[in-house]
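**Q** Chains as they are written, first to last, in the numbering used here: chain V, 472 to 588; chain S, 825 to 937.
There's no promise every hint is true.
[As the list claims (entries may be wrong)] Cβ pair distances, simulated, as ranges: (1) V:Glu-553 / S:Gly-886: 25 to 35 angstroms; (2) V:Pro-532 / S:Phe-838: 25 to 35 angstroms; (3) V:Thr-586 / S:Gln-834: 33 to 43 angstroms; (4) V:Asp-509 / S:Gln-869: 33 to 43 angstroms; (5) S:Ala-825 / V:Val-531: 16 to 26 angstroms; (6) S:Leu-932 / V:Lys-515: 14 to 24 angstroms; (7) S:Gln-869 / V:Tyr-481: 15 to 25 angstroms; (8) S:Lys-882 / V:Asp-509: 39 to 49 angstroms; (9) S:Phe-838 / V:Ser-491: 37 to 47 angstroms; (10) V:Lys-512 / S:Lys-882: 20 to 30 angstroms.
[As the list claims (entries may be wrong)] Derived DMTMM-like pairs: lysine to aspartate or glutamate, alpha-carbon spacing no greater than 25 angstroms straight-line: (11) S:Lys-924 / V:Asp-556; (12) V:Lys-542 / V:Glu-553; (13) S:Lys-929 / V:Glu-524; (14) V:Lys-512 / S:Glu-888; (15) S:Lys-929 / V:Glu-529; (16) V:Lys-511 / V:Asp-541; (17) V:Lys-511 / V:Glu-524; (18) V:Lys-480 / V:Glu-553; (19) V:Lys-512 / S:Asp-909.
To be clear, the hints were calculated from the coordinates, so they are not data collected in a lab.
As the structure is a prediction and not an experimental result, all values here were calculated from the model.
Backbone N, C-alpha and C fix where the C-beta goes; we use that ideal spot for every residue, glycine too.
Below, each chain spelled out in residue letters.
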Amino acid sequence: DTAVSQTPKYLVTQMGNDKSIKCEQNLGHDTMYWYKQDSKKFLKIMFSYNNKELIINETVPNRFSPKSPDKAHLNLHINSLELGDSAVYFCASSPPDRRSSYNSPLHFGNGTRLTVT
Amino acid sequence: AQSVTQLDSQVPVFEEAPVELRCNYSSSVSVYLFWYVQYPNQGLQLLLKYLSGSTLVKGINGFEAEFNKSQTSFHLRKPSVHISDTAEYFCAVNGGSNYKLTFGKGTLLTVNP
């Protein structure tokens, strides 16, 4: 009964390919996120969806496109992969109630380690 | 704008010793502060959070943190660490940007026998 699950756990691919990472949460949360963790462990938010609506879109190349078919799923599609895309990508979710969004703890998946060769 | 500075990238300690991991923040509004822990090959887990009220916050695994508004700090402490506490620790702040948590660069705590 994993709360936030991501697939695949590892993804090795060549430059120029297109790949997707899937994320699902069974916590009933309304808000979901994608974070990127680089080789120095620095975590940066990429996107956030609330009830399938995009609410945060940081400075991320257009090659990255999130898709939220329903509030339990947030997938990340990456076109034309580059070496610099190599990182660990974390999906996370937080509880509903817009008023509590400031203090809602994030629930993270275990990450997808993407290696672009 | 909000930011978080974790002053130490690595902290090595011996088992059963006390530890303090330092975190300073900046924000133009009232803040909510968090500490997360990341064990190897895992996602982050919440250790504790400060929202309001008592400035001393207790979390899981015997950790606690103290919010100091005048020094804009939120240092994490544990009086006696175990080998199993070896992990990366992240301080984070949410200072009014809905849904957007800003993380520090992390501190690697290594507990040696």
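**Q** The structure should be examined with respect to each hint, and the outcome stated for every one.
**A** Results of checking the hints against the structure:
A hinted range of 25 to 35 angstroms for the beta carbons of Glu-553 of chain V and Gly-886 of chain S is inconsistent with their spacing of about 43 angstroms. Pro-532 of chain V and Phe-838 of chain S have their C-beta atoms about 45 angstroms apart, which leaves the hinted 25 to 35 angstroms range violated. For the hinted restraint 33 to 43 angstroms between Thr-586 of chain V and Gln-834 of chain S, the CB-CB distance of approximately 25 angstroms leaves it violated. Between Asp-509 of chain V and Gln-869 of chain S the beta carbons are some 20 angstroms apart, a value that contradicts the proposed interval 33 to 43 angstroms.
Look at Ala-825 of chain S against Val-531 of chain V: about 19 angstroms separates their beta carbons, and that is inside 16 to 26 angstroms. In this structure the supplied range 14 to 24 angstroms holds for Leu-932 of chain S paired with Lys-515 of chain V, their Cβ-Cβ distance being about 18 angstroms. For Gln-869 of chain S and Tyr-481 of chain V, the Cβ-Cβ distance of about 21 angstroms falls inside the hinted range of 15 to 25 angstroms, so the restraint holds. The hint said 39 to 49 angstroms for the Cβ distance between Lys-882 of chain S and Asp-509 of chain V, and at roughly 32 angstroms that hint is violated.
Range check, Phe-838 of chain S to Ser-491 of chain V: about 45 angstroms between beta-carbon atoms, so the 37 to 47 angstroms window is met. Separation of Lys-512 of chain V from Lys-882 of chain S is about 26 angstroms and conforms to the stated range, judged on CB atoms against 20 to 30 angstroms. For a cut-off of 25 angstroms, the pair hint linking Lys-924 of chain S to Asp-556 of chain V stands: about 22 angstroms separates their Cα positions. With a CA separation close to 29 angstroms, the supplied pair Lys-542 of chain V and Glu-553 of chain V exceeds the 25 angstroms bound.
Taking the CA atoms of Lys-929 of chain S and Glu-524 of chain V, the gap is near 29 angstroms; set against the 25 angstroms cutoff, the hint is violated. This hinted pair checks out: Lys-512 of chain V and Glu-888 of chain S have alpha carbons roughly 23 angstroms apart, not beyond 25 angstroms. For the hint linking Lys-929 of chain S to Glu-529 of chain V, the alpha-carbon distance of about 18 angstroms falls within 25 angstroms, and the restraint holds. About 33 angstroms separates the Cα atoms of Lys-511 of chain V and Asp-541 of chain V, which puts this hinted pair outside 25 angstroms; it is violated.
The suggested pairing of Lys-511 of chain V with Glu-524 of chain V is violated, with an alpha-carbon distance near 31 angstroms, which exceeds 25 angstroms. Note on Lys-480 of chain V and Glu-553 of chain V: the hinted pairing holds, with a Cα-Cα distance of about 19 angstroms set against a maximum of 25 angstroms. A threshold of 25 angstroms between alpha carbons decides the hint, and for Lys-512 of chain V with Asp-909 of chain S the separation of about 18 angstroms falls inside it, so the pair holds.
The structure shown violates the earlier hints numbered 1, 2, 3, 4, 8, 12, 13, 16, 17.
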